[in-house]
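Trainee: Start from the sequences and build out the full structure, keeping to the hints where you can.
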Amino acid sequence: MIELSHVSKQFGDDIAVEDITLRIAKGKFCALVGTSGCGKSTTLRMINRLIEHSSGDIFLDGQAIEQYDPVKLRRRIGYVIQSTGLFPHWNVARNIGLVPRLLKWPATEINTRVEELMGVLGLPVGEFAHKYPHQLSGGQAQRVGVARALAADPDILLMDEPFGALDPITREKLQDELAKLQARLHKTIVFVTHDMDEALKLADHLVVMRDGRIVQQGTPLALLQQPADPFVESLLGGLERGLKQAALTRVKDHMTSLGPSWPAQSRIPADFSLRQALSMMLRDHCDRLTVVDQGDVPIGELSLRRIVKEAQLDKVSQRDA
Amino acid sequence: MSLIDALPSPSFKRRPWHPNVVLLCLSGAMLAAAWLLSFVSVAPNRIVSGTAFGMVDAISWPGAALVSLLFIAMAALSSVPTSRHYRAMLGIIILTLLLMPFGLMVAGHWLVDPSLPQARLGIGAAYWTVLFVLLLCLVELRLRLGLSRWWPTLLLAGVGIAWWGCAALWLDRLALVQEFQAREGQFYQAIGQHIALVGTAVGVSVVLGMLLAMLMRRYQRLQKIAFTLLNFLQTIPSLALFGLLLAPLAWLAANVPPLAALGVSGIGNAPALIALIAYSLLPMVRNTYIALEEVSAETLQAAKAMGMRTGQRFWQVRFPLALPVLLEGVRITAVQAIGLTAVAALIGAGGLGTFIFQGLGQAAMDMVLLGAMPILILALIVDAGLGALADALRPGGQE
Ligand SMILES: Nc1ncnc2c1ncn2[C@@H]1O[C@H](COP(=O)(O)OP(=O)(O)OP(=O)(O)O)[C@@H](O)[C@H]1O
Ligand SMILES: [Mg+2]
Chain D
0 MIELSHVSKQ FGDDIAVEDI TLRIAKGKFC ALVGTSGCGK STTLRMINRL IEHSSGDIFL
60 DGQAIEQYDP VKLRRRIGYV IQSTGLFPHW NVARNIGLVP RLLKWPATEI NTRVEELMGV
120 LGLPVGEFAH KYPHQLSGGQ AQRVGVARAL AADPDILLMD EPFGALDPIT REKLQDELAK
180 LQARLHKTIV FVTHDMDEAL KLADHLVVMR DGRIVQQGTP LALLQQPADP FVESLLGGLE
240 RGLKQAALTR VKDHMTSLGP SWPAQSRIPA DFSLRQALSM MLRDHCDRLT VVDQGDVPIG
300 ELSLRRIVKE AQLDKVSQRD A
Chain E
0 MSLIDALPSP SFKRRPWHPN VVLLCLSGAM LAAAWLLSFV SVAPNRIVSG TAFGMVDAIS
60 WPGAALVSLL FIAMAALSSV PTSRHYRAML GIIILTLLLM PFGLMVAGHW LVDPSLPQAR
120 LGIGAAYWTV LFVLLLCLVE LRLRLGLSRW WPTLLLAGVG IAWWGCAALW LDRLALVQEF
180 QAREGQFYQA IGQHIALVGT AVGVSVVLGM LLAMLMRRYQ RLQKIAFTLL NFLQTIPSLA
240 LFGLLLAPLA WLAANVPPLA ALGVSGIGNA PALIALIAYS LLPMVRNTYI ALEEVSAETL
300 QAAKAMGMRT GQRFWQVRFP LALPVLLEGV RITAVQAIGL TAVAALIGAG GLGTFIFQGL
360 GQAAMDMVLL GAMPILILAL IVDAGLGALA DALRPGGQE
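Chain order of the listed sequences is D and E.
With numbering that gives the first Met the number 0 applied, the first sequence covers 0 to 320.
With numbering that gives the first Met the number 0 applied, the second sequence covers 0 to 398.
In short, the hints are calculated from the structure, not lab data.
Each hint should be verified, as a subset may be incorrect.
[Stated by the list, open to error] Computed cross-link-like contacts, DMTMM-like style, restricted to lysine to aspartate or glutamate with a CA-CA straight-line distance of at most 25 Å:
1. D:K186 - D:D210
2. D:K130 - E:E293
3. D:K130 - E:D390
4. D:K251 - D:D210
5. D:K130 - E:E297
6. D:K71 - E:D390
Mentor: Quick look at the structure:
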């Protein structure tokens, strides 16, 4: 668990981060978003003490961060950055094995771990273990970066725009893989990004920052439904907000059981998002879809009227609450 | 990085009828030099200056025809530059280099009167010009063919050994060889002294330079003072620096007996080494400092974030990443020291410079050559060796 309480950071006279209070429960995925220079990276680096905070308290598993030896602390925290920061003079295997080596694991154990991680991140050992960073594509280098951060099995992972420099397709692929990995490993992740869709897709907890302060935090859905001010609203996509919200909602949560009427032609799997369902309706010029399970067997239906109405109900119930 | 590497490597074009102008001009220059300049000179003894002979006199018409043919073939090949033609030209260059001592043998046989035991053969301007231009061709071909530094070095070493063999076995009429034979023991001793002086000076300045560079990184204020001082030292002419050291060292030797016992005196090795080290420090410190500072801040930050301690970050990340640039510094320092050590002969430190200055004193140019050529060869070998080492140590064999 990571806890920041009234944390500030000053560089000389400049205030980079001001009075931040943030709790990230164990196993949660927290995304920091905000315009450039608002203090996201600084916040991240204060957690592994690359930057010492000026005031306030940071706790890690209930213990103040100053009480840890910074070097040992960093070895317990995985860190991934946009430029990967791989060591150009070491091959992939050596890069990944760095922290275990620093922790003096036995050589055989390091090898096993490196090969295991390369498998997990889709880097065939035979092909990549002996390549050097400059021989890798951006996506491959980023996988190595993630593998290196995971090597010593840290509880906490700090990721600073890890997929920022990748093309949209590679980025989406890596996002999906990260989501899968997280579902399995349950790390506590703090993730900085400029890509709002990425944040909404991956995060359990979304933190919006502006000029060193936290403007609003909560679940992605809560922020989409009730942005605190116009800044958060525009950051979350302005008019597109409805669609972004739909992207977070599963079809199966809005389907009704198969009615007596003739089933609709277009079919959609139950675990697709509402956004994809809306897109399909627009494409196929229909207002009803048949929902199917993994075996393509119809299990319900989805109607446009219902989606719109339920969205309205959600809003009303939230206002009352 | 040597000057040759800094030049943009020309892209490889396969357009027909588009000659390689550089090689074409060089071939023409060699042809002109062979015909127009003096090929060899012959002198009845060491003192008298020789009579110059042209190519036809020296190696007769068939020989001249062969030489012309080689150069014309090179010109023809360079007018249609393909990678096969470049390889063929490389072959012609090697052949020419190997034939050069035979030309001297033939000339010696023809022109030197066997009844005069002192008579000797001097190498003419045409020979030197062709040799120099052939080296330029090699540089160009190395770039065109994308060969590593090692290739030309190995090649020249092979040619050098072949020449050595010819010189030892058949070229005893050559003035250079006669100069060598007259002082063979002295020659080897001088090479040894030269290498020892350069080795010590470079070794000491590598250690001192690294220490100084590291101190400068720690104490920023030292940086300005040290660079100013080292830059100033570099501007003193070498002879003047040797002279300046004479008085204080002589005084030290006279007044501090233990130092005198160590061999310190106003002339000889001590002032030579001090001056050589003083000159070597600037390139060494500058390159070490830049190399260490140049390492990407992002990589170092990542090293810190992974939990590497200060020492680990230095020795496992900063230093290995700086090593290629640092070795460039060693290379520059060593090549510079090899040249400077020649001057050290003037204050009695020995080395190959002895022959140069004795030769100059006696107006015996072949003796000057006897000193200058090994210095040149030594510099080339060190340059190529350390350059290749720096290349090999680039991160992950990069670039
Ligand atoms: N080492 C430093 N010294 C001085 N000022 C700094 C330092 N690091 C960051 N800052 C300042 O702190 C502020 C926040 O920087 P930070 O890097 O945290 O922004 P960011 O939100 O990560 O921006 P981006 O999205 O562009 O990465 C900026 O105004 C920056 O100039
Ligand atoms: Mg940042």
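Trainee: Does each hint hold? Answer for all of them.
Mentor: Each hint tested on the structure:
no.	hint	result
1	D:K186 - D:D210	28 Å, violated
2	D:K130 - E:E293	24 Å, holds
3	D:K130 - E:D390	18 Å, holds
4	D:K251 - D:D210	39 Å, violated
5	D:K130 - E:E297	21 Å, holds
6	D:K71 - E:D390	36 Å, violated
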